[in-house]
Amino acid sequence: MQIKHSFLHELIEESAITFQNHMAICEAADKKTSYAQLAELSDTIYKKLIQQAIPAQSRIVFYTEKSSETIAAFIACSKANLIYVPVSLLNPVARLQQIIQLASADYICIDSSHIALLEELSSCYSIESKIEITSLIFLQIAKKNTISITKDIAFILFTSGSTGLPKGVSISHRAALSFIEWSSKYFALDQRNQLLSIAPFNFDLSVFDIYATIMSGACLHLVAEQEIKNPMLIASYIDQAKINTIYATPTFYQTLLAYGKMHKYDFAQVKQILFAGEVFPREGIKQLKSVFHQAQLHNLYGPTETNVCTYYTLPASFDEQSKDAFPIGKACDYASCMLIDETMQKITAIQTPGELLVAGSSLFTNYWGNDAKTNEAFITIDNEKYYKTGDIAFYNEQNELMYTHRKDNMVKKNGYRIELEEITACLSQHENIQQVACVYLKQKNEILCFYISKTMEALDIISLKTFCTKYLPTYMIPNKFVYLNSFPTTVSGKTDKAQLVKNYEA
Amino acid sequence: METILAETKTYISTQLLDDTSFPLEYQTALISSGLIDSISTLKLVDYLEKKYHIEFMPHEVDKDHLDSIELIAAFVQSKMK
Numbered sequence: 001m002q003i004k005h006s007f008l009h010e011l012i013e014e015s016a017i018t019f020q021n022h023m024a025i026c027e028a029a030d031k032k033t034s035y036a037q038l039a040e041l042s043d044t045i046y047k048k049l050i051q052q053a054i055p056a057q058s059r060i061v062f063y064t065e066k067s068s069e070t071i072a073a074f075i076a077c078s079k080a081n082l083i084y085v086p087v088s089l090l091n092p093v094a095r096l097q098q099i100i101q102l103a104s105a106d107y108i109c110i111d112s113s114h115i116a117l118l119e120e121l122s123s124c125y126s127i128e129s130k131i132e133i134t135s136l137i138f139l140q141i142a143k144k145n146t147i148s149i150t151k152d153i154a155f156i157l158f159t160s161g162s163t164g165l166p167k168g169v170s171i172s173h174r175a176a177l178s179f180i181e182w183s184s185k186y187f188a189l190d191q192r193n194q195l196l197s198i199a200p201f202n203f204d205l206s207v208f209d210i211y212a213t214i215m216s217g218a219c220l221h222l223v224a225e226q227e228i229k230n231p232m233l234i235a236s237y238i239d240q241a242k243i244n245t246i247y248a249t250p251t252f253y254q255t256l257l258a259y260g261k262m263h264k265y266d267f268a269q270v271k272q273i274l275f276a277g278e279v280f281p282r283e284g285i286k287q288l289k290s291v292f293h294q295a296q297l298h299n300l301y302g303p304t305e306t307n308v309c310t311y312y313t314l315p316a317s318f319d320e321q322s323k324d325a326f327p328i329g330k331a332c333d334y335a336s337c338m339l340i341d342e343t344m345q346k347i348t349a350i351q352t353p354g355e356l357l358v359a360g361s362s363l364f365t366n367y368w369g370n371d372a373k374t375n376e377a378f379i380t381i382d383n384e385k386y387y388k389t390g391d392i393a394f395y396n397e398q399n400e401l402m403y404t405h406r407k408d409n410m411v412k413k414n415g416y417r418i419e420l421e422e423i424t425a426c427l428s429q430h431e432n433i434q435q436v437a438c439v440y441l442k443q444k445n446e447i448l449c450f451y452i453s454k455t456m457e458a459l460d461i462i463s464l465k466t467f468c469t470k471y472l473p474t475y476m477i478p479n480k481f482v483y484l485n486s487f488p489t490t491v492s493g494k495t496d497k498a499q500l501v502k503n504y505e506a
Numbered sequence: 507m508e509t510i511l512a513e514t515k516t517y518i519s520t521q522l523l524d525d526t527s528f529p530l531e532y533q534t535a536l537i538s539s540g541l542i543d544s545i546s547t548l549k550l551v552d553y554l555e556k557k558y559h560i561e562f563m564p565h566e567v568d569k570d571h572l573d574s575i576e577l578i579a580a581f582v583q584s585k586m587k
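Residue numbers (the numbering used here), protein chains in the order written: chain G, 1 to 506; chain E, 507 to 587.
Hint data in this document are derived by calculation from the structure and do not stem from the laboratory.
There's no promise every hint is true.
Under the rule of at most 20 Å between Cα atoms (straight-line distance), these lysine to aspartate or glutamate pairs were calculated in the DMTMM-like manner [to be verified]:
1. 412(G) to 552(E)
2. 465(G) to 552(E)
3. 229(G) to 561(E)
4. 444(G) to 561(E)
5. 264(G) to 552(E)
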């Protein structure tokens, strides 16, 4: 596939000319930003940034509300050849600090209204300089980093890491644009589209929300991240703002259907529903289809490392009695997929499961600052570099890819990617915890945390949960804490997680 | 009022916390402490609406109204009038 653009900021430069006074972003309190205004805002931020003579590819961590200013600043970073690192406000400050360190960030950007946060950060870092631009404050927290990087990285998305620390997935302009150009064309976005931004900006789903919108002259609606958790508000917003395109996880839609009081609205204006991140049970899809009765449904697949790499558009009618999951479909134009078996041989036969490999222009560049992990993630076959997804899939009779399960211990809970080791590492830091092990119960969709305490008695649940909220995003906090005197062990002396669960359920 | 307090406490203990041994008080912070998560909050609202034949407005589903059993009971009662 031919990629037309080289850099993300080219999208707004073109759209500012084509769509001028058409609305690009709608926010709370009726705040609206047109394409011309967004381009101007972004240019103002860009000019201030280049005055600082920040070396190319320096990292700026954004810990801000979703706003037109934040989006304008992302674009300004692109133009100034700086890497932006979004961190949702749903993450606690301790996790933000981990990410700042892992990204070896030079600047952190916050909203000027977050005075308490500014004070907190000022006490943790020596602030070299402070630049206020519109409603944003850029704090220089390091003397100019001189690490020379020749890559064209646009942003880094931090995801859960199996070593106990978040892992930074570096995405180049070209990788992001491959998906953006394809998706705005495939979903036929134009000025009539009203999108609602559901995913936090540190999730890859937001790349579609922000940039496919900008490229096509559509309008992106932003609501506060806390409000996304309130289905009644979201349902009423979809209705009132005439949202017609939504991209979110199956868990989001299922919560919306269960608690949004959907019967109050007609939703005939909703034309496209996109979902990704986990398997959507057919029962849930049936309900989704009856509520959004005029919408076309699309099942998208792809880890952060590849962004979307396969897609499947559901037929208008399908067998409602069947229990089978829908396919993840076929490779997008810019990607190619391959299945391999345990002996690394290519699988072409149908119904034969193997690990899904993905090649193409949407592939991530590296795990930031971790060459060993990066090298482990790729494999070269016939001179083509593939990313090993760790997902097991097979071809069905129509030669469409069907997802089955994860190869490793990574957990997908409510569409979030979670490495249990990160939760374990966090709780190991608790002053009264001797030993800890976390397991995920798929049936109940719960994370259980087993622990042995130093005090030899059960710890207060509230204090444990409060401890977790300080270091982990809410979706990673265990649902239950189970106090034990000792852990069962395997023959090799490791904690026997299977036995832990057995004892618990007994 | 006493009935609402007691019934709400029983529901939270048995259905949301799944742990009757937890020392839940009428003043215990539910949401701000992280004791119940966002899905449990929605389940709680659903329960209250059905049990007491009331309706929450979208902006009322927040910790200002739901952060303790005491707050919940007062809010439910104001809705029932």
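Provide an ascending list of the numbers of those earlier hints which the structure does not satisfy. 1, 2 and 4
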